[in-house]
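A.B. asks: Each chain, letter by letter, is given below.
Protein chains: 4
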Amino acid sequence: MSTTWLEFLKKDFVQGFPAFCGFKVVRVDYCKFETSLKVLKKHRQQDGFVHAGVIATMADHTSGYACFTTVSEKFRILTIEFKINYFKPAKGPLIVCRSKVIQNGKKIKVVESEVFSVSNGIETLVSKGMFTQIALAPDSFLKMTGEY
Amino acid sequence: MSTTWLEFLKKDFVQGFPAFCGFKVVRVDYCKFETSLKVLKKHRQQDGFVHAGVIATMADHTSGYACFTTVSEKFRILTIEFKINYFKPAKGPLIVCRSKVIQNGKKIKVVESEVFSVSNGIETLVSKGMFTQIALAPDSFLKMTGEY
Amino acid sequence: MSTTWLEFLKKDFVQGFPAFCGFKVVRVDYCKFETSLKVLKKHRQQDGFVHAGVIATMADHTSGYACFTTVSEKFRILTIEFKINYFKPAKGPLIVCRSKVIQNGKKIKVVESEVFSVSNGIETLVSKGMFTQIALAPDSFLKMTGEY
Amino acid sequence: MSTTWLEFLKKDFVQGFPAFCGFKVVRVDYCKFETSLKVLKKHRQQDGFVHAGVIATMADHTSGYACFTTVSEKFRILTIEFKINYFKPAKGPLIVCRSKVIQNGKKIKVVESEVFSVSNGIETLVSKGMFTQIALAPDSFLKMTGEY
Numbered sequence: 010m011s012t013t014w015l016e017f018l019k020k021d022f023v024q025g026f027p028a029f030c031g032f033k034v035v036r037v038d039y040c041k042f043e044t045s046l047k048v049l050k051k052h053r054q055q056d057g058f059v060h061a062g063v064i065a066t067m068a069d070h071t072s073g074y075a076c077f078t079t080v081s082e083k084f085r086i087l088t089i090e091f092k093i094n095y096f097k098p099a100k101g102p103l104i105v106c107r108s109k110v111i112q113n114g115k116k117i118k119v120v121e122s123e124v125f126s127v128s129n130g131i132e133t134l135v136s137k138g139m140f141t142q143i144a145l146a147p148d149s150f151l152k153m154t155g156e157y
Numbered sequence: 010m011s012t013t014w015l016e017f018l019k020k021d022f023v024q025g026f027p028a029f030c031g032f033k034v035v036r037v038d039y040c041k042f043e044t045s046l047k048v049l050k051k052h053r054q055q056d057g058f059v060h061a062g063v064i065a066t067m068a069d070h071t072s073g074y075a076c077f078t079t080v081s082e083k084f085r086i087l088t089i090e091f092k093i094n095y096f097k098p099a100k101g102p103l104i105v106c107r108s109k110v111i112q113n114g115k116k117i118k119v120v121e122s123e124v125f126s127v128s129n130g131i132e133t134l135v136s137k138g139m140f141t142q143i144a145l146a147p148d149s150f151l152k153m154t155g156e157y
Numbered sequence: 010m011s012t013t014w015l016e017f018l019k020k021d022f023v024q025g026f027p028a029f030c031g032f033k034v035v036r037v038d039y040c041k042f043e044t045s046l047k048v049l050k051k052h053r054q055q056d057g058f059v060h061a062g063v064i065a066t067m068a069d070h071t072s073g074y075a076c077f078t079t080v081s082e083k084f085r086i087l088t089i090e091f092k093i094n095y096f097k098p099a100k101g102p103l104i105v106c107r108s109k110v111i112q113n114g115k116k117i118k119v120v121e122s123e124v125f126s127v128s129n130g131i132e133t134l135v136s137k138g139m140f141t142q143i144a145l146a147p148d149s150f151l152k153m154t155g156e157y
Numbered sequence: 010m011s012t013t014w015l016e017f018l019k020k021d022f023v024q025g026f027p028a029f030c031g032f033k034v035v036r037v038d039y040c041k042f043e044t045s046l047k048v049l050k051k052h053r054q055q056d057g058f059v060h061a062g063v064i065a066t067m068a069d070h071t072s073g074y075a076c077f078t079t080v081s082e083k084f085r086i087l088t089i090e091f092k093i094n095y096f097k098p099a100k101g102p103l104i105v106c107r108s109k110v111i112q113n114g115k116k117i118k119v120v121e122s123e124v125f126s127v128s129n130g131i132e133t134l135v136s137k138g139m140f141t142q143i144a145l146a147p148d149s150f151l152k153m154t155g156e157y
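Chains as they are written, first to last, in our numbering: chain A, 10 to 157; chain B, 10 to 157; chain C, 10 to 157; chain D, 10 to 157.
Worth double-checking, as some hints may not be accurate.
Since copy identity is lost for identical chains, a pair holds within one copy or between any two.
No farther apart than 20 Å at their CA atoms in a straight line, the calculated lysine-lysine pairs in the PhoX-like style are these [unchecked claim]:
| no. | residue 1 | residue 2 |
| --- | --- | --- |
| 1 | 47 | 115 |
| 2 | 116 | 97 |
| 3 | 116 | 33 |
| 4 | 51 | 33 |
| 5 | 20 | 47 |
| 6 | 97 | 33 |
| 7 | 50 | 20 |
| 8 | 97 | 115 |
| 9 | 51 | 20 |
| 10 | 50 | 116 |
| 11 | 115 | 33 |
| 12 | 19 | 47 |
| 13 | 100 | 51 |
| 14 | 51 | 19 |
| 15 | 20 | 115 |
| 16 | 41 | 20 |
Simulated from the structure, these hints should not be mistaken for lab results.
Just chain A, same shape as in the assembly (with noise of 0.2 Å):
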């Protein structure tokens, strides 16, 4: 992989709802990505811990991109499944994700995320998912009516 292609991809990573989460990447290798997030208020759910769906999407937006390594600016990634596990409620104040493609398939590829609430420079690993994603060239995408 280029260092110009990694370097677009931590750009292209916030956007849409990831920008409105407050995602933010920290590294990217081959095969690899890892974001961070500031817990604020807004992504608790009922009883103060971080909701459920701010940790998926996370951790589902972070495999997206592990996937993107893998692949050149012509291909699109989207997620086929995915199942994820929690652990314990995260607190934060600090959340990190850490992606890893574990199958790295031409059109499907296989994804774990692992997810820890971070507190005082200690690392609690909350949740841990795997994701199927399939890569898309270009004709396949344009032809793509709706299904995958």
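Starting from the known structure of chain A, arrange chains B, C and D on it as the hints suggest.
C.D. replies: Leaving out everything else, chains B, C and D in the frame of chain A:
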């Protein structure tokens, strides 16, 4: 379930991250919860589709409140894990989510959430997920040192 | 779908591991497959319940053949991934599985399988799963060097 | 964990369906369980690959016994749910499964299982799954009227 409890849940649903996202409650019944979202630019991902994280958050939060309809106000509901499939890109402009408890155990509850993209009154099923939730009595919840 | 194709699938279902397990075909239709198992001692786990693996195998194989009803005989169906929930112990003496294609993409198909424990004619839903299957054309299948 | 307990688990593993399938125990340690399978014709599916159900059964049963290493002999372990991804066809002639408890809650335990196809001493990762297991104390288990 008392009407008072269901009315309370309708209001309780909209706070923190779900309020920030803009989800609205449509309808509530025993074991069932239905919500909607008017799709804005901030809900989209890099290709202009509704972000997988928006859909997952909506499906998760709605499934959790479907569980709340099955317990008294003394219980807390937390997501243990979920799996969600994305069938086709969701374009909006409206998204509707319907959740239903399909296994109503005392402690462990399993919920299905279906998410539809709605355009010109036509609903298209874009996503479906299965959610495992745990109902915690007040003492378990207070004693909970951070693990389920 | 031709009747010949559905009749062929009924026979094709019972071979290899599924034959070894003892699954039988009950009914076949477009997008649908139903199977049964007479529970023997060899199907149980350490507590005397039907083993989770028996249920997963039945749910997976039945879901795969539900997909076969949607393609021509030139295609192969392979499981990309699945998720299954166990609601309560399955005791038998009969197990029934009903699978249904809920997203019939050309390449990616999503299937739900419900598994029932049947005693004295009463069916109890003991398990439900979601399966993501891929339909591979002959050339993709031959070229397949070992990844999806 | 006492050596006696781990030795007991090695024997206890092989009974019912897993014995019928032919799984063997390779190695046991606290939070860890490793098993193997010599692939025979009866383990294959319609294309000659090891059946997804064999792999799921092995990954599930091995994950359950990884959990048994974390409890006393008074507890029972049952699978609440799992998700498994298939990366490439497993051909054998040997299959190895390694399970590890990654979240060791008192009640809810999360385990990862990796399944390898082994040929000429070369291991290929063909499948990975995440399993949510519940540890039930004797009274909960006896009282258990059929739901988790």
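A.B. asks: Run every hint past the structure and note whether it holds.
C.D. replies: Structure-based check of all given hints:
no. : hint        : result
1   : 47 with 115 : neither (34 Å within a copy, 30 Å between copies)
2   : 116 with 97 : between (34 Å within a copy, 12 Å between copies)
3   : 116 with 33 : neither (27 Å within a copy, 35 Å between copies)
4   : 51 with 33  : both (16 Å within a copy, 16 Å between copies)
5   : 20 with 47  : within (18 Å within a copy, 27 Å between copies)
6   : 97 with 33  : neither (23 Å within a copy, 27 Å between copies)
7   : 50 with 20  : between (25 Å within a copy, 18 Å between copies)
8   : 97 with 115 : between (35 Å within a copy, 12 Å between copies)
9   : 51 with 20  : between (24 Å within a copy, 17 Å between copies)
10  : 50 with 116 : neither (39 Å within a copy, 29 Å between copies)
11  : 115 with 33 : neither (28 Å within a copy, 34 Å between copies)
12  : 19 with 47  : within (18 Å within a copy, 29 Å between copies)
13  : 100 with 51 : within (13 Å within a copy, 25 Å between copies)
14  : 51 with 19  : between (24 Å within a copy, 19 Å between copies)
15  : 20 with 115 : neither (24 Å within a copy, 34 Å between copies)
16  : 41 with 20  : within (15 Å within a copy, 40 Å between copies)
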